[in-house]
Amino acid sequence: MEAFKKHDGFAFPLNRTNVDTDQIIPKQFLKRIERTGFGAYLFYNWRFDNEGKKRADFDLNKKQFDGSSILLAGENFGCGSSREHAPWSLLDYGFKVIIAPSFADIFHNNALKNGLLLIQMEEKQMLEWMKQAEDGTFKLSVDLENQTITDEEGTVVGFSIPAYHKEKLLNGWDDIALTLQLKKKIEDYENARLV
Amino acid sequence: MGKAKTIIEKIWEKHVVSREEGKPDLLYIDQHLVHEVTSPQAFEGLRLAGRKVRRPDLTYATMDHNVPTRNRDEVKDQIAKRQMETLRDNTQEFGIKLADIFHPDQGIVHVIGPQLGLTQPGKTIVCGDSHTSTHGAFGALAFGIGTSEVEHVLATQTIWQERPKTLNVHVQGNLSPGVTAKDLILAIIAKFGVRFGTGYVMEYTGDAIHKLSMEGRMTICNMSIEGGARAGLISPDEKTVEFLRGREYVPKGEAFDKKAEEWLALATDEGATYDHTVVINAEEVEPQVSWGTNPSMCVPISGSTPSLDEVEHRDDVKRALEYMGLEENQSITSIEIDHVFIGSCTNSRLSDLQKAASIIEGKTVKDGVKAIVVPGSFGVKLEAEKLGIDQIFKAAGFEWRESGCSMCLGMNDDIVPPGGRCASTSNRNFEGRQGNGARTHLVSPEMAAAAATHGHFVDVRKFSAGVLN
Ligand code: SF4
Chain D
1 MEAFKKHDGF AFPLNRTNVD TDQIIPKQFL KRIERTGFGA YLFYNWRFDN EGKKRADFDL
61 NKKQFDGSSI LLAGENFGCG SSREHAPWSL LDYGFKVIIA PSFADIFHNN ALKNGLLLIQ
121 MEEKQMLEWM KQAEDGTFKL SVDLENQTIT DEEGTVVGFS IPAYHKEKLL NGWDDIALTL
181 QLKKKIEDYE NARLV
Chain C
196 MGKAKTIIEK IWEKHVVSRE EGKPDLLYID QHLVHEVTSP QAFEGLRLAG RKVRRPDLTY
256 ATMDHNVPTR NRDEVKDQIA KRQMETLRDN TQEFGIKLAD IFHPDQGIVH VIGPQLGLTQ
316 PGKTIVCGDS HTSTHGAFGA LAFGIGTSEV EHVLATQTIW QERPKTLNVH VQGNLSPGVT
376 AKDLILAIIA KFGVRFGTGY VMEYTGDAIH KLSMEGRMTI CNMSIEGGAR AGLISPDEKT
436 VEFLRGREYV PKGEAFDKKA EEWLALATDE GATYDHTVVI NAEEVEPQVS WGTNPSMCVP
496 ISGSTPSLDE VEHRDDVKRA LEYMGLEENQ SITSIEIDHV FIGSCTNSRL SDLQKAASII
556 EGKTVKDGVK AIVVPGSFGV KLEAEKLGID QIFKAAGFEW RESGCSMCLG MNDDIVPPGG
616 RCASTSNRNF EGRQGNGART HLVSPEMAAA AATHGHFVDV RKFSAGVLN
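Protein chains in written order, with the working numbering: chain D, 1 to 195; chain C, 196 to 664.
Keep in mind that a hint or two might mislead.
Unchecked claim - Okay, derived cross-link-like pairs now, EDC-like style, lysine to aspartate or glutamate, Cα gap no bigger than 20 Å in a straight line: (1) D/185 / C/357; (2) C/247 / D/175; (3) D/185 / C/208; (4) C/276 / C/608; (5) D/5 / D/143; (6) D/183 / C/252; (7) D/6 / D/152; (8) D/184 / D/174.
FYI, nobody ran anything at the bench for these hints, they're computed from the structure.
Looking at chain C on its own, in the form it has when it is part of the complex (with noise of 0.2 Å):
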């Protein structure tokens, strides 16, 4: 047997098409996702320079950053609707599939590639979007690109990569009960920052993490670029071959058992080695609640605001405060919510929002808090309204939406207003990210639900203990 080896090495290793000494490889893809936004510039140019899709049936495309939740007929924003006309005309032009705004298959990109199957161990995706890592939870290797690589990758299915160093993010222990995959990953980057991924590919290891439901581990991987990795992977197991089996673009039958041995023996090596290992215990972390500009100004429940005194960047964390309204060492429990947001590419698959709705069930919204929930996808979106999901939200006072990125950046009307405060399941709590003005707090979909009742921030686990109702 030769060197043990990392998911992350071997998966490189099968993808190099030219490899050169001073120069980064260049690495085949297997799965090329397009979306709206990111994608007319770079068809754009091939047109310019009489290019062609290399491989059109290796690109998929959908719509979701623009499109309305509310009423999918009425485009109203002109500019918007011109991007969504490109994006149906390129994708014609081009002979690439398209998932359109009225497709049964419709729903944030990297909701819908897992859905699908698309999404595959040992794949290479790419997609013009950042969040592409979330493919990593199936043990992908998944980032997100600009768009003149977009148009690299369209013309040449190929992509110049610098070999990544590799980061292996072990977690020990176990999550405590009412403490989510979305706690976790938040209390990660709080306890090692923004950047601390930077030029990385990260694995996550340990117990933990393959306890996880595959959803979980999707929220995991899909903030792995909050933590500057432009990848965050996880090695396949049978829960990854599970997921997959029977969805719609992987093989079928004895071709499909084949394939999850090999998915399976992608999984690193026993005492292969990584650049460099951050762990971190399980057993401390708490339900997280975001309180400034990025997501490392996060701390849990019990906890408060930080105290200028004490803190690195001292401006840093004094224009956060001052962005999002609140005084030094205020407690979390007190800060109060205006706006409720389930949903995004971190959180809006089935599982987020049935657990959501076991928050909500029987309670309402409290008074003055507008909440919404906007499915991932069509196709989660018709589940839910299968199981009565949408019911238990309606009931309780939030409004049920079509799927879309919706507020999670507010492209198309679905916006925090100036000074709004958000409780959001989302992934980036930028200044302005949901609304020119707008604070957000970023949290699990339980941990929302839980504040759209009361108003403001409360312990998901003294509310499921029957403390607090």
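Bound-form chain D, shown alone (with noise of 0.2 Å):
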């Protein structure tokens, strides 16, 4: 996994709750069985029409969005299934950081395994850089080391996120490499399970 420090990027408001996994990458795309190359097809439901064509009225088709790497959403993102599929298209399509007021369990998790930040943040200010980056043109500078977000008037909101997830991604640690130098113990325990 990569390590995470810090980014820069524009920001993408989706301003929809309870975005779900079947929303962020629909089933007829789970078929493959690679990791990569998931992003053509993230939000394909909206981004795309029945006949593949790319939906005017669908925000982030729109040019001003081109590049944005900083999704803004509502409550609960990532509900639903627990493929792993979601944060790889958000990846691969190039978001790096989500912030968000609320995200899904499996989904926190599973993005967490592949070093996509995401940020909870209360919904008012939520509302507030939604609102701001409507035209495309806001920009936040978020540092994990520090726990900070920074526009670019340099308006400095801090965050909270657990030391150990925190660890974790600013190293890019390979959790069963981890789990592994435990090896002791799990054998330890099954052992003691035997008798």
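Combine both chains into one complex, guided by the hints.
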């Protein structure tokens, strides 16, 4: 997993609540056996019509949001199916940070495993940022080490994140390698259960 | 005696392999279930790192999401075919048991776990699938995980987990006749919303819950994730024990009785406390129909779609109504359907099919309605055929299919077309879930069957009382 330290980028506002992983990446794209290349299918049914043409009325398709990399979302983002294809598609499309009032549990874990930073932020602040981000020129600077988000005018907003998650993201640690250092404990546990 | 504990705490404490201040616990996993869609990248990860599966004996795989339900020999979709072949190769390479597409134990992963007795009280069970919560019906701690976690469990047989908070979902009183487990769980989610369970493990308590059959309990626990909880469970009782007796993967003879004692002792102690409790009165619950694009957007059959002036998230409700092609204040019984799907890990077990068949018997599917029944497993299908249930459905004009996930998510060609409207016994009414532009209404098997004969929603209670026919 790639380490996450800092990220500067333009924000895209998606002011919808309960965005589920079926919306983030529809089922027809889950048949692939690779981990990469899912960005093309992100929010597929919102971005494309039945003929596969880009929908003009979905904001992410608008020129001003080309290259945006910070997603501002509504509460309970990522609910529904456990598909890890959801964070894979968000990352592959170019999003590095998602800020929302709340996230669904499984999505939260999946994002963390892939170095996608999720930041929980109160709704009032979210609505303010969403407004500012409407024209595609709203830039934020996210600093994980210091747990701050700074806008271009220099206004700083802090955020909280469990120390354990932070450390893993900052270092880009591979979970399995870490756990395998505890192999002896796993063996002891298994042996104890056999008696 | 020590402190009174919930079943959640008891199972958790028994499975902690490592605990350190400031970190999640490392939990041991007793049963890992695997399917074709969320596993290929995990096996690939193992291969790239030169790792093995630590406990192939605690891992069990099947194919369910992609499989054709009409003609098994013909997987037309080449990408789906490759995904199934990949699972075949991976299970062979890593020495894991697989219930392949033609295997008698094949079925939806959450149907075959209990059917085979792999699901047992007190076990920790994971699967790369959010409806793993289903297995909680047996008093197991069962939850869905992502593909990276699948890889982690394959390699280490453990998983890192924050200790969850506990939530008591207490059901007071009893369900009225004609009201099912499906109606109860939909009513719970309608009342408390799609995220009241986030960060919690739920335990469903109360007489009404323990009066439910094991199938009904599975329907309830299945949809815990729709209320935001990764896991939901029910303390084991005699019904749990009797359901499991004699199943393939449970101990036999005396060993079983000993196990059964251990299982029953897992039930939540009297006086144990939860972090949070919500209460619902079962008597108030009517047959439910979802009208919107998440499972909390659901009302009784006697109700109507909401009025835009009275709702909290107006834009979301407006968008949902638009997607569903419905007006505000529209009565539920006026909604006409053109598809009926009886199936999915929520409602595709033998008793679900029996109940739907009892409604449809001697009647016919309304002209213009395409109705299909997809048994949850090959085993369910065979049992149903032995009882002649397939004949009842076929005579009424239903298609009788092979087992799999099918139209629950439409990964194979069982899709509701754009603008089509489906009465579905599945668990998710998300936009595009059953097909791009498809409109899903979540209901019980009985309500789905009744809708099939009328072409619109009807109150199944009137139906069985002979008021409607
Ligand atoms: S039946 Fe539906 S919800 Fe259940 S495992 Fe299959 S796709 Fe998921």
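Quiz item: Which numbered conditions among the earlier hints are violated in the structure presented, ordered from lowest to highest?
Solution: Failing hints: none at all.
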